[in-house]
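Protein sequence lines, in the order shown, are assigned to chains A and B.
So the first sequence is residues 55 to 341, counted in my numbering.
So the second sequence is residues 7 to 296, counted in my numbering.
Keep in mind the hints are simulated off the structure, nothing from the lab.
Quick reminder that beta carbons are idealized off the backbone N, C-alpha and C, glycines included.
Any given hint could turn out to be false.
Which stretches of chain B does chain A cover? Using the computed rule of at least three CB atoms under 8 Å from a CB of chain A, they are [said to hold, decoys possible]:
(1) 18-24
(2) 118-132
(3) 226-239
(4) 251-262
(5) 265-273
Below, a list of computed lysine-lysine pairs in the DSS-like style, where the Cα atoms sit at most 30 Å apart [unchecked claim]:
(6) B:Lys12 / B:Lys224
(7) A:Lys174 / A:Lys250
(8) A:Lys250 / A:Lys265
(9) A:Lys234 / A:Lys265
(10) A:Lys146 / A:Lys265
(11) B:Lys183 / B:Lys224
(12) A:Lys265 / B:Lys183
(13) A:Lys234 / A:Lys174
(14) A:Lys83 / B:Lys183
(15) B:Lys183 / B:Lys209
(16) A:Lys265 / B:Lys224
(17) B:Lys224 / B:Lys209
(18) A:Lys83 / A:Lys265
(19) B:Lys12 / A:Lys234
(20) B:Lys224 / A:Lys174
(21) A:Lys234 / A:Lys250
(22) A:Lys265 / A:Lys174
(23) A:Lys174 / B:Lys12
Spelled out, the chains give:
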Amino acid sequence: MNAILPAILFWLFAWALNAWLVRRTPASKTWDRVIRLVVPVLFGVSLLVLWEGFVRGFAVPAVLLPPPSMIWTRLISSLPTLWADFRQTFLKSVLTGYIAGCGLGFLVAIAIDRSPFLQKGLLPLGNFVSALPVVGIAPIMVMWLGFDWPSKVAVVVIMTFFPMLVNTVTGLASASSMEKDLMQTYAASWFQTLVKLRLPAAWPFIFNALKINSTLALIGAIVAEFFGTPIVGMGFRISTEVGRMNVDMVWAEIAVAALAGSVFYGVVALVERVVTFWHPSVRGGRA
Amino acid sequence: MTAREKILPVLTILAALLALWYAAAVFLNAPFERDTAARAGTTITFSEILPRTMAQARPVLPAPHQVLAELWDTTINKPVTSKRSLVYHAWITLSATLVGFGLGTLLGITLAVGTVHNRAMDRSLMPWIIASQTIPILAIAPMIIVVLNAIGISGLLPKALISTYLSFFPIAVGMVKGLRSPEQIQLDLMRTYNASSSQLFWKLRWPASMPYLFTSLKVAVAIALVGAIVGELPTGAVAGLGARLLAGSYYGQTVQIWSALFMAAGLAAVLVLIVGAAHSAVLRRMGARP
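One chain only, chain A, in its complex shape (with noise of 0.2 Å):
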């Protein structure tokens, strides 16, 4: 019991300082910034703390729920295997299918942009089809392309085309009629107003899409390993160490899968910021 105590004062220290932290109005930015990111991280380590408080305190046993600072000399320890499985399920699988899904979906509705009828078609197919289970197709994808990477990046592909489609055809539409009639006023051809005026109006949605897919893509690639793999790759570690009894393994697996899924989606976040920086959502103020 003696190490709960200390874990829940902390956390009330935390919780306190924290609401203190908020309802300062500082003078600079820079404090503000500080502020803003100081918060989340506090919270963050404040339950860290909680988390090694109770597990030690009440001897819940490692089989069960291992310590953060268990897990974290177990990924320390065991970093050649984690990058191998890093490599194979985010480096081949994840992000070839995520530059692939995403790109198919961006062409196939360029493509039908000028045709009416198979975009009313394709559109609700499409929604049906972002709703429906698509991780269910894993298994077939491994029974035709076999256990190595393209059968998780044919997973991938698919679970990332449709969001894609969907959102770059609504966003195509998103121009508004009088910008559309001011570019035909300066006489411009399809080609030119797709670039200049309903591409760029599109951005806000296509990364939209992006940013949904960069953890379905994640998702489906360790999914896809649950049914057949060869002996390396995230999914693969997970179900094999859950079955050896190897929990603080499969939490450092986790601890890694939820970096590079937290790093993809920042990094798809910041191409954002930079390509809408015209949106209101980003210039600041009140979105």
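With the hints as your guide, set chain B onto chain A.
What follows is chain B alone, placed relative to chain A:
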């Protein structure tokens, strides 16, 4: 736009997909027939191959009518309680989905209410809620199930918890947006009425958030189903649509996989439709005009 104008393109695309599927089935299943013929020492013409590719027991890609026949056979012809009935498996998955969806809705709304009313919570929790979704939770699914199994909780609840984790996020984000959607002028009006904070919540913020809530619910219910299906995969569950997928992939029963997939798709469609119907019913009662 008339209904006919809406439906015609969709039907055309569907017909094209169906034709494509049949062509792919012939193309993918033909090598097997050629191999069999070669092994028997005979040659086989294309017109002989064609009907056979439609009726293999374990085709690479089953033809649509095979999948439909299997669906019919396992839903209508089998008693609902039988382990071979797809309705039975769908019910197992559906119950986990619904429990998870219910819990996720409660959690999401609670978090959103807390976030809107407490500044410290808003600043410290919101980034972590967003970060929590960049974690591939489905990767943790086996963990959660095994751990809960070890402390004696098994069956429905672990799967439901995965659905909860997946579905709370869209609801929390949508509700925060919805609860903040009343404009300053409306808030000011409530203040001139001397409304208490609970009145402010129930008479202004809550009704204003309904459209946002239902939009999120549609996303959440679809994602909860995915969670329940995937929750059945890693532990070798014996019942449920996910278990059907896994068993089908182990024994090469492609027709079974495809019929389970179709069942899951149908289930997702029905769930989304129900939420959509509830959405328009609530909006109509609140006086919105279509």
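Which of the listed hints are not met by the structure? none
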